[in-house]
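Asks: Chain order of the listed sequences is A and B. Heads up: the first sequence begins at 1 in this note's numbering, then just goes up one per residue. Heads up: the second sequence begins at 1001 in this note's numbering, then just goes up one per residue.
To be clear, the hints were calculated from the coordinates, so they are not data collected in a lab. All C-beta atoms, glycine included, are put in the ideal place defined by N, C-alpha and C. Among the clues, some could well be false.
[As the list claims (entries may be wrong)] Listed next, the stretches of chain B that the computed footprint assigns to chain A, with coverage defined by at least 3 CB atoms under 8 Å from CB atoms of chain A:
#1 1090-1097
#2 1119-1132
#3 1139-1151
[As the list claims (entries may be wrong)] Pairs of lysine-lysine residues, derived as DSBU-like cross-links and limited to a Cα-Cα distance of at most 35 Å, are as follows:
#4 A:K265 x A:K129
#5 B:K1070 x A:K51
#6 B:K1227 x A:K124
#7 A:K227 x B:K1167
#8 B:K1167 x A:K263
#9 B:K1235 x A:K129
#10 A:K227 x B:K1070
#11 A:K51 x B:K1051
#12 B:K1070 x A:K70
#13 B:K1056 x A:K227
#14 A:K129 x B:K1227
#15 B:K1129 x B:K1167
#16 B:K1056 x A:K51
#17 B:K1265 x A:K56
#18 B:K1051 x A:K56
#19 B:K1167 x A:K167
#20 B:K1227 x A:K203
#21 A:K235 x B:K1070
#22 B:K1056 x A:K235
#23 B:K1124 x A:K227
#24 B:K1056 x A:K56
There are 2 protein chains.
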Amino acid sequence: MRKLCGVLILVCCYAAIHAQQNLGQAKTEIHSPIIQSGHRVTLSIKAPNAKLVQVKGDWLAQNEAANLTKDADGVWTYSSEQLPSDLYTYQYIVDGVSQIDPVNPYAVRDVGSLYSLFLIGDGKGDLYKPQAVAHGTVAYKWYSSPTLGISRRLTIYTPPGYEASNKTYPTLYLLHGMGGDETAWPTLGRSIEILDNLIAARKVQPMVVVMPNGNVSQAAAPGVSEKGFESISFKLPHTMDGVFESSFRDIQRFVESHYQVGKTKADRAIAGLSMGGFHSLYIAANYPNTFDYIGLFSPAITPPFGDSSSIYQKIDQKLKTQLQNGFKLYWKIGRAHV
Amino acid sequence: MRKLCGVLILVCCYAAIHAQQNLGQAKTEIHSPIIQSGHRVTLSIKAPNAKLVQVKGDWLAQNEAANLTKDADGVWTYSSEQLPSDLYTYQYIVDGVSQIDPVNPYAVRDVGSLYSLFLIGDGKGDLYKPQAVAHGTVAYKWYSSPTLGISRRLTIYTPPGYEASNKTYPTLYLLHGMGGDETAWPTLGRSIEILDNLIAARKVQPMVVVMPNGNVSQAAAPGVSEKGFESISFKLPHTMDGVFESSFRDIQRFVESHYQVGKTKADRAIAGLSMGGFHSLYIAANYPNTFDYIGLFSPAITPPFGDSSSIYQKIDQKLKTQLQNGFKLYWKIGRAHV
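With the rest of the complex left out, here is chain A (with noise of 0.2 Å):
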């Protein structure tokens, strides 16, 4: 012990070190995305050799890409028009090639692929942001399945104050659409950032928010389950077959349990997008007076899938029972591209 603590001592002697852990800085002069003033951003990529560099990205039409201008150093330049404050994603294609800005570090999966990031602020986009502001807790938990017979995770978000208070809390299960999981809401969706935003601004009240995993051919979103780095398809089993409108119950069960949370239907939410939306819509008529506040958000309504679950079946009779029974609030907004 002696000789350690010499050891110690010893080599605290010795001059400036570098970490043993792999540094990952970036050697480059490039940075990219700069966000200007006027509500523009301009984006760069270094690529000498390239014959044709092009940006995709959410503030440009679906198909569209638009040309980056080279200068005489090899790197490539395109600086946006005024673009509405908000979030978008980006992807360059290199002569034909499709890959993230390499000198941008905030990228997300969307489904099987990785998109950079950037935010317009001073409008919407600062919903996205991180604001000064007191923050809930994201936790990934992994809860039991007996329907299914396995373990699944889900991600749930416990508002700021909710560790000392005594009170029970609203609750929002908020779906995913297909290709997504229980990941897709705190990072595609910024649904934390929008909580703890809209929660400081008084706008919604305290909830605790519960984000599963919607499509139950995976316990837990690809890379996190002992499938390990799986490929990743936008095309599922297992998403839209009633198994996981059927298995709802293991998830409620499981909160109502484990959380401090209201137990009527006063206390209940379900929302969803896309195919988070159908699932939402089944789930709320196949339990009745579970929710009073139902949400689909472009909602992918599509026909019962032939016989397949009772859960699609009766669906007419079932949602006149659910408008019988009422509830505070059913909300529907677009719908998806048929």
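Assemble chain B onto chain A, guided by the hints.
Replies: Leaving out everything else, chain B in the frame of chain A:
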């Protein structure tokens, strides 16, 4: 309401749909990486116009880049030799420009750059892989640091069974290296998978693991604090100036008042990589009788930084006192490069 119900039933009659969300599907026939039998990896990238495509990766020497070979379709390929079971990061260099593998959705950020990932199993790498075992919970939590006058974020792992148990758990404070943040251990360091696997194998006892942010110029990891998508560099202010060590009790107080953890020296361990080893050394030496277990992994042991902080003063005396007070384990392995 009746009208809404009618509309819902009506739209149920639509035929096949496409979700409105960005589908984000990689339109490519290239698959990369492919883990071959015999612990080899094959990497591929389509770059028909490129003159030279190379790969840099953990399995190669520090400054080595291996050449890929181009086929008639403009697809460049590399196959490795047999590799030891491990987790590997890599980047391509396409005509001198670094980029991640555009068809590999699994990437990790190290300081300011993204790296693509693959894993070779059947050995040590299995420790870094999600297995069919019980999973603990990962939570990202904000705590108040009165010493610094701000809220900061930390990552906390609670082991399987934690919620259902009344017992107290030991705590490991696990500190990252320079350029890292509270996400470094759970992402780059695979700490969650390692803990789940070691606990399941009964090689470690269930414990709470606290992974704070050791750079006090950050409230939270880049992109998560109110600085938004800030640029990230390796040379960061407030990393080894004594301020993090001085504010350590704020973290300990938060953890011990919010979690079921023991509050004696025997219940506490502190360990860290590189700069985190440096922090661990000084925290353990400056807070007598706080830790029975101290781990320095390739610690960055530098001379004290002038007289800027009393944390670094009289370190030989503090270490002698620590030795006299006693501890169960003081484990030092490797050393940051001088």
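Asks: Against this structure, judge whether each hint is valid.
Replies: Now the hints, each set against the structure:
no., hint, verdict
1, 1090-1097, "holds (count 4)"
2, 1119-1132, "holds (count 6)"
3, 1139-1151, "holds (count 5)"
4, A:K265 x A:K129, "holds (32 Å)"
5, B:K1070 x A:K51, "holds (18 Å)"
6, B:K1227 x A:K124, "holds (17 Å)"
7, A:K227 x B:K1167, "holds (33 Å)"
8, B:K1167 x A:K263, "holds (28 Å)"
9, B:K1235 x A:K129, "holds (25 Å)"
10, A:K227 x B:K1070, "holds (31 Å)"
11, A:K51 x B:K1051, "holds (12 Å)"
12, B:K1070 x A:K70, "holds (25 Å)"
13, B:K1056 x A:K227, "holds (26 Å)"
14, A:K129 x B:K1227, "holds (9 Å)"
15, B:K1129 x B:K1167, "holds (28 Å)"
16, B:K1056 x A:K51, "holds (25 Å)"
17, B:K1265 x A:K56, "violated (56 Å)"
18, B:K1051 x A:K56, "holds (25 Å)"
19, B:K1167 x A:K167, "holds (25 Å)"
20, B:K1227 x A:K203, "holds (23 Å)"
21, A:K235 x B:K1070, "holds (31 Å)"
22, B:K1056 x A:K235, "holds (33 Å)"
23, B:K1124 x A:K227, "holds (17 Å)"
24, B:K1056 x A:K56, "holds (28 Å)"
When held up to the earlier numbered hints, the structure conflicts with hint 17 and nothing else.
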